[in-house]
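**Student:** Residue strings, one per chain:
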Amino acid sequence: MANKRMAGVVAGLMASTLLLAGCSAASTTDSGTPSGTITVLTNRTDIVNTTFKKYAADFEKIYPKVTVKFQAITDYEGEVKTRLNTKNYGDVLLIPNTVTRKQLPQFFDSLGSVATMKKTYRFVDEQSYNGKDYGVAITGNAQGLVYNKKVWTAAGITTLPKTPDEFISDLKAIKEKTSATPYYTNYKDGWPLSQWEGNRGILGDTNVSNKLVTQNAPWSKGQYHYIEDSLLYNIVSDKLSETDPLTTNWENSKALLGGGKVATMLLGSWAITQMQQAAVTAGGSASDIAYMPFPYQANGTFYSTIGGDYKNAISKYSTHKAAARAWIDWFAAKSNYAFDNGGISPLLSGKAPATLTDFTAAGVKYIELAAPPTKNASLEPDIANAAEIDLFGNVYRQKLIDIARGAAPGSMSSYFAQLNKEWATAKSQVSS
Amino acid sequence: MTISTKGLVRVLPKRSTRSRRITPWLFLLVPLALLVTFTYVPVSNMLYYSFTSWDGLDANKALVGFSNYVAVFTRPQFLNVFAVSLYYVAASIIQMGLALYFATILSFSTRFRNLFKGILFFPYLINTVAISFVFLYLFQPGGTLDTVLGVIGLGGTQHHWLGDPSIVNFSLAGTSLWRYLGLNFVLFLGAIQSVPGELYEAAELDGANRWQQFRYIIAPGIKRIISLSFILAISGSLSAFEIPFIMTGGANGTTTFVIKAYQEAFTYSQVGLASALAVVLLLVVLVVTFIQRKLVPDEDVSLS
Chain A
0 MANKRMAGVV
10 AGLMASTLLL
20 AGCSAASTTD
30 SGTPSGTITV
40 LTNRTDIVNT
50 TFKKYAADFE
60 KIYPKVTVKF
70 QAITDYEGEV
80 KTRLNTKNYG
90 DVLLIPNTVT
100 RKQLPQFFDS
110 LGSVATMKKT
120 YRFVDEQSYN
130 GKDYGVAITG
140 NAQGLVYNKK
150 VWTAAGITTL
160 PKTPDEFISD
170 LKAIKEKTSA
180 TPYYTNYKDG
190 WPLSQWEGNR
200 GILGDTNVSN
210 KLVTQNAPWS
220 KGQYHYIEDS
230 LLYNIVSDKL
240 SETDPLTTNW
250 ENSKALLGGG
260 KVATMLLGSW
270 AITQMQQAAV
280 TAGGSASDIA
290 YMPFPYQANG
300 TFYSTIGGDY
310 KNAISKYSTH
320 KAAARAWIDW
330 FAAKSNYAFD
340 NGGISPLLSG
350 KAPATLTDFT
360 AAGVKYIELA
370 APPTKNASLE
380 PDIANAAEID
390 LFGNVYRQKL
400 IDIARGAAPG
410 SMSSYFAQLN
420 KEWATAKSQV
430 SS
Chain B
0 MTISTKGLVR
10 VLPKRSTRSR
20 RITPWLFLLV
30 PLALLVTFTY
40 VPVSNMLYYS
50 FTSWDGLDAN
60 KALVGFSNYV
70 AVFTRPQFLN
80 VFAVSLYYVA
90 ASIIQMGLAL
100 YFATILSFST
110 RFRNLFKGIL
120 FFPYLINTVA
130 ISFVFLYLFQ
140 PGGTLDTVLG
150 VIGLGGTQHH
160 WLGDPSIVNF
170 SLAGTSLWRY
180 LGLNFVLFLG
190 AIQSVPGELY
200 EAAELDGANR
210 WQQFRYIIAP
220 GIKRIISLSF
230 ILAISGSLSA
240 FEIPFIMTGG
250 ANGTTTFVIK
260 AYQEAFTYSQ
270 VGLASALAVV
280 LLLVVLVVTF
290 IQRKLVPDED
300 VSLS
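If you read the sequences in order, they're chains A and B.
Take the first sequence: its position 127, counted from the start at 1, is 126 in numbering that gives the first Met the number 0, and no numbers get skipped.
Take the second sequence: its position 302, counted from the start at 1, is 301 in numbering that gives the first Met the number 0, and no numbers get skipped.
Among these hints, one or two may not hold up.
[Claimed, not checked] Derived SDA-like pairs: lysine to any residue, alpha-carbon spacing no greater than 25 Å straight-line: (1) Lys420(A) to Gly252(B); (2) Lys80(A) to Gly252(B); (3) Lys260(A) to Gly299(A); (4) Lys60(B) to Asn129(A); (5) Lys101(A) to Phe265(B); (6) Lys315(A) to Ala58(B).
Since the hints were derived computationally from the structure, they do not count as laboratory data.
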């Protein structure tokens with residue numbers, strides 16, 4: 000009973016926030032009480048008929064007038080990007096990564112001001128524009144490296160590497176003393192390479208992304224892109240990664256790391272639970288898998304960048320906006336999705352996941368990156384696209400690996416010089 | 000009265016000719032509607048996008064004139080992808096030669112000819128994705144190919160078939176050759192079998208050997224099919240996509256023209272530029288076809 004009454008209060012609060020937010024919305028056709036049938040788009044094809052069914056049932060108990068339907072999409076990014084050109088893209092959907100901040104108001108309804116949302120939620124800055132928030136994260140991730148502790152211990156390493164050089168010498172020790180491949184790039188599948196972009200917070204500077212768009216040479220010593228790309232280059236050129244990167248396989252790589260045939264991979268904390276499962280399948284135990292921060296310290300401290308995963312947002316063309324909003328808030332607060340997936344809760348008051356106890360032990364500090372100022376809202380993707388350097392893709396890092404393994408002409412310094420030049424040219428084009 | 004009868008007499012045949020004229024168009028209405036909706040509208044949209052800087056999402060599509068086309072012809076990375084296409088052109092020429100050879104041999108009475116026909120055509124029946132995965136495992140270090148080479152004592156020729164940048168394009172073009180050989184083969188075989196049998200008998204009576212039969216009966220008889228296959232081969236090599244995309248994703252210097260266009264559109268969000276690339280590809284194929292038609296005119300072939 001107490002629970003139900005609480006839910007009523009929560010719903011009332013939500014409805015009033017929605018009325019406030021609704022002032023700016025042009026096409027709100029509902030009365031403010033959650034009702035009707037809403038369609039929710041999700042990328043989780045694996046659990047849409049199991050866990051999500053349960054979510055819908057729990058939600059409908061609290062909001063009996065609402066029916067929740069799901070559409071699970073395998074190629075979520077590609078398909079939803081195309082569907083955004085129509086008016087039919089569900090009531091609640093995950094904001095595709097290709098939507099720039101400036102475009103957010105074209106497709107989604109604002110959930111409220113950044114200042115208000117920040118009182119309840121984490122990761123508010125990530126999908127915000129002009130002081131308004133457009134999405135609530137479904138879960139959050141920390142960044143670092145997932146590794147097989149058994150292998151690292153077998154190579155005699157007991158302390159976490161604090162610099163890229165220490166990391167390289169640790170990998171060398173693993174290569175000498177064990178039969179494991181020290182590092183696995185997942186070059187063929189490509190997207191795991193984009194995880195290298197996620198560690199921007201290691202410098203301990205929340206403004207690192209805003210500085211990036213003012214720099215003419217992001218690939219110079221001391222800058223983030225130099226630190227992480229040179230580490231990747233050295234891992235490959237010192238032959239500490241898999242011998243034939245062209246035939247890597249993501250699904251298989253989980254079994255390799257779980258079974259101790261591969262020692263380390265740089266991946267977000269979302270990967271920990273999958274690797275633990277793989278370790279159990281391979282006959283080991285979940286405790287073989289551990290998580291370490293990026294081997295770099297700013298003023299003696301490890302920083303791990305935390306960021307939201309996909310964010311739930313309300314379609315601008317939804318006819319049941321109150322119900323859609325109720326679902327988003329319920330999903331963040333009550334579904335337990337983040338915790339069950341080993342992620343950081345989107346709520347400031349949420350439970351810390353069990354997967355990140357390693358970080359707590361190592362005294363790692365979490366850092367959220369600041370949002371760009373409104374006038375520069377889409378400057379970074381604009382420069383990156385014009386320069387054709389896919390910071391969050393795999394093409395340019397595949398080239399880096401090709402150079403490092405001697406399969407393409409050039410050297411690290413010549414490639415970095417080329418990247419700097421392309422970046423600077425694109426920057427002047429975009430800002431002119 | 001007379002006037003109205005005259006009018007009727009005049010009008011009736013007119014109506015019937017008009018309806019006779021309309022009837023075929025009525026029948027064509029559905030296919031034409033489909034053709035326009037699914038071919039001409041998208042193509043003209045693409046033409047329009049190629050003059051914009053659209054990112055594939057934004058409500059605003061800014062016109063930029065010819066700058067996308069200038070970029071296609073001035074940036075060196077777009078010229079490189081044509082070099083990759085040359086591997087596929089070479090492979091498809093070898094493929095046509097092999098297909099012609101097998102089709103000729105199997106059109107004569109050869110032992111187990113139906114079995115061989117089946118074996119040669121079979122790869123064409125499997126879909127490209129499955130083939131790409133099969134070859135991905137074949138080319139893995141320590142995969143099927145390396146194992147077979149080791150067993151027959153050629154262990155020294157083992158390579159990183161996809162990892163070595165000097166070999167990878169041969170591996171991919173080879174896969175493509177294996178996959179499309181069957182189609183060429185069946186086209187040639189069908190054409191050869193439509194050559195009247197008496198011609199061979201007459202040639203044999205005149206003492207012509209197999210080569211002479213091929214040179215003076217088969218080759219001229221199937222000239223049209225050869226020239227059609229040639230156009231298909233060139234346009235197919237320029238637009239090679241599935242096999243390299245699935246097997247390497249365009250990495251390691253295997254980016255073909257279409258993979259490049261795909262990357263422009265979906266990796267760098269430059270739909271305008273990608274559309275310009277697609278238009279250029281269309282034009283290149285048209286030009287190649289035109290040149291080929293000029294060199295080998297489509298004259299009537301008569302054997303009887």
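**Student:** Are there hints from earlier that the structure breaks, and if so, what are their numbers?
**Tutor:** Checked against the structure, the hints that fail are numbers 2, 3, while the rest are satisfied.
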